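Student: Keeping the supplied structure of chain S fixed, place chain B upon it in accordance with the hints.
Chains as they are written, first to last, in this note's numbering: chain S, 1 to 551; chain B, 1 to 198.
Don't read these hints as lab results, they were simulated from the structure.
A portion of the hints provided could be inaccurate.
As the list claims (entries may be wrong) - In silico PhoX-like links for lysine-lysine, alpha-carbon gap of 25 Å or less:
id : chain 1 : residue 1 : chain 2 : residue 2
1  : B       : Lys13     : S       : Lys400
2  : S       : Lys132    : S       : Lys198
3  : B       : Lys29     : B       : Lys13
4  : B       : Lys29     : S       : Lys82
5  : S       : Lys82     : S       : Lys8
6  : S       : Lys128    : S       : Lys360
7  : S       : Lys360    : S       : Lys198
8  : S       : Lys213    : S       : Lys8
9  : B       : Lys2      : S       : Lys400
Note that this is a predicted model, so its numbers are computed, not measured.
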Amino acid sequence: MTEAARAKDGRAPDIFTRGGWVAMRQHRDAEPVDFAIVGAGAGGATLAAKLAEAGLSVVVLEAGPYWRPLEDFASDEAEQHKLYWTDKRITGGDDPIELGGNNSGRGVGGSTVHFSMISLRFRPEWFKCRTKLGYGVDWPLSFEEIRPYYVEAERALAVSGPVHYPWGPFRGPYPYRPHEVNAAGLVLARGAEALGVKWAATPIATVSAPRGKSSPCMYRGYCNFGCSTNAKQSALVVWAPRALAAGAEIRDMAMVTRIGVDRSGLVTGVHYRREGVDRFQKARNVVVAGYAIETPRLLLNSACPQHPDGLANSSGLVGKNLMTHAGPGVWAEFDEEIRWWKAPPNMAVCEHWNYVDEGKDFHGGYAFMSQGPFPMAWAETVSTSREGMWGWRLREEMLKYNRMAGFVPVAECEPREVNRVELAEETDQHGTPIPRVIFSYSDNDRRLQAHSIRFMSRMLEAAGGRDLWTSTDTSHLLGTCRMGDDPRTSVVDADGRSWDIRNLWICDGSLFPTCGGVNPSLTIQALACRIGDRIAAMARRGELSAAAAVR
Amino acid sequence: MKRPYPSYDVLAKWDTPSFDETTRAVLAKRLTEVPPRRFFTEDEHRLLEAVADRLLPQSDRREPIPIAPWIDARLATDGGEGFRYDGMPPQQEAWRLGLRGIDAEARLQFSQGFRELGPGEQDEVLRRIEAGEVDDREWGGLDARRFFRHELLTAAVGVYYAHPAAWNEIGFGGPASPRGYVRLGFDERDPWEPELAR
Chain S
1 MTEAARAKDG RAPDIFTRGG WVAMRQHRDA EPVDFAIVGA GAGGATLAAK
51 LAEAGLSVVV LEAGPYWRPL EDFASDEAEQ HKLYWTDKRI TGGDDPIELG
101 GNNSGRGVGG STVHFSMISL RFRPEWFKCR TKLGYGVDWP LSFEEIRPYY
151 VEAERALAVS GPVHYPWGPF RGPYPYRPHE VNAAGLVLAR GAEALGVKWA
201 ATPIATVSAP RGKSSPCMYR GYCNFGCSTN AKQSALVVWA PRALAAGAEI
251 RDMAMVTRIG VDRSGLVTGV HYRREGVDRF QKARNVVVAG YAIETPRLLL
301 NSACPQHPDG LANSSGLVGK NLMTHAGPGV WAEFDEEIRW WKAPPNMAVC
351 EHWNYVDEGK DFHGGYAFMS QGPFPMAWAE TVSTSREGMW GWRLREEMLK
401 YNRMAGFVPV AECEPREVNR VELAEETDQH GTPIPRVIFS YSDNDRRLQA
451 HSIRFMSRML EAAGGRDLWT STDTSHLLGT CRMGDDPRTS VVDADGRSWD
501 IRNLWICDGS LFPTCGGVNP SLTIQALACR IGDRIAAMAR RGELSAAAAV
551 R
Chain B
1 MKRPYPSYDV LAKWDTPSFD ETTRAVLAKR LTEVPPRRFF TEDEHRLLEA
51 VADRLLPQSD RREPIPIAPW IDARLATDGG EGFRYDGMPP QQEAWRLGLR
101 GIDAEARLQF SQGFRELGPG EQDEVLRRIE AGEVDDREWG GLDARRFFRH
151 ELLTAAVGVY YAHPAAWNEI GFGGPASPRG YVRLGFDERD PWEPELAR
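For reference, chain S alone in the conformation it holds in the complex (with noise of 0.2 Å):
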């Protein structure tokens, strides 16, 4: 099967017009650029327009489609699923992770491109959680180092959000005023003012009055499945146009299959497959941002004399340590009609068990907020919570649709080197072995969602719900190569350069020592800004062609 690519020519997608389209500058597979990075999403597309906009030379590979979200997203929950990364998978472990469109991306902006938008920071003591608050890894990284780069991600999405954000260091306001709450999210703040609880607006990437090409967000509520009117700040709608303006090419429907190793085990490109050719782009620095299965499943996959365990893998620490976030949710059925589709799905959050740390019997922390999923993913989660709801009875029980809210947290996970992403015997189709994802809950991770299901109840109740139940669900895959001080506990550095290999860089989810309890995406937007500007001031200082000039 062939899809054909749109970038080539010399012309890129425009995604604010329909069949429009804006100049790109190419390179030729023999001409060596300075960055080949391995996928467009919040990782890739952020670091190639960094990159590009100092000076260096750069080809973004990207598995997926170049979408024109004006006439490519219908408004349509079932159409919408190619947007999802549906490769041949297998998913084990006590626990399961429920893949697919639940937590990947497949086109030039990734997961942004379906994402809830919620841009949160990290608590700044997540960075250094063994030393200040004993659980989990530090991070090579303090909160002071990363602060500035979330301030630049903050503006680079146009984050619209309160003025004053309740948890946290003084941080002054978001870029872009909060958008207004709506019902499922005034749950939320009736039930935190009962319990006595702050709760905020959720900062969240559309933009709440016009900004550039982009028209403020028309509350249709289709966020999950892509925003047909540009309004959400995906990677796809402000990082990728930057990038292009910059110089970068960015090569859709290129799936990278092997990264290139010369004798001396430095890289020397990319092995990809684009409209049916093999073909092998060559590089002076590989970057791998393909998010935490198909990054350490492609550095796994690139095994060769040199590197008989993987790329990177001298720790032995690639694909070992997968997050994800916990999602277990409380729903009730309330009197008046809430018409949870209207308007981006989680309008309102609370942070309180992120900050508060006494009375709690876990280490960790979790948010929670309002929801608003559509008539497939309801229909999903009503019939395969309970025993029993098929039939005539899931029909009756959907009929409360309009009526019901709940909340999920983003409950966090320990580092466990159990949970884990290695490779199978069974091929894809391209040929390359297919990646086995083995996850399973610690007992500290269940005390957790145990207490978040408790006190999200209540919360739903004090708001006027009844009739609750739960369900589970996860979202965000993190962890796999993770970041660190030293290269036999850590697979990169703090400027996710590989400790083996020099000109080998990761630039993605798969950094994350520990996940805290908030949604990933900023947080890897802030260490691509960050890892970007490291990597031009070592160009300027000529601390990368050492590496390079080897060849």
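Tutor: Leaving out everything else, chain B in the frame of chain S:
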């Protein structure tokens, strides 16, 4: 079943600013181009229709929402979410094993094939499969519970609630591009939203 929004028809918005060209094309296909059988055998297809009719009974509808043809279409291209649970066979094989298992359980319990049973007996067969009360020898290594919940039920429910007729039933606003919504509060509705029966 008392319908909360009897006067609502999402397709009445077809020529309004809530529908764009892209969405109209997608929905026109769903409404008019029900795919022909390509993956299942005729017997398997009839059996799946009978099972789907218990998972989502539609005796109240003059024109039932087609379910089996869309599952068949997905399996014919081996489409879907891509991943499978460790120990489960690939999805095409899983579905053949699963349907065979359902029929075998019907014969074990009631000495007749699933399609020959009455609705009450059919429901009892499905209830036992959902609870994992099955004879493992009839399932070829397939986890019957997991198949029921995460393949069969999820697929059938997904097809049903992807149809505009189901949106009318539950009062979902449906397509909303470019025009989204203005009134977001409790008990608030824009004029182009479903109206609750008084």
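Student: Looking back at the numbered hints, which does the structure fail to meet, lowest number first?
Tutor: Checked against the structure, no hint fails, so every one of them is satisfied.
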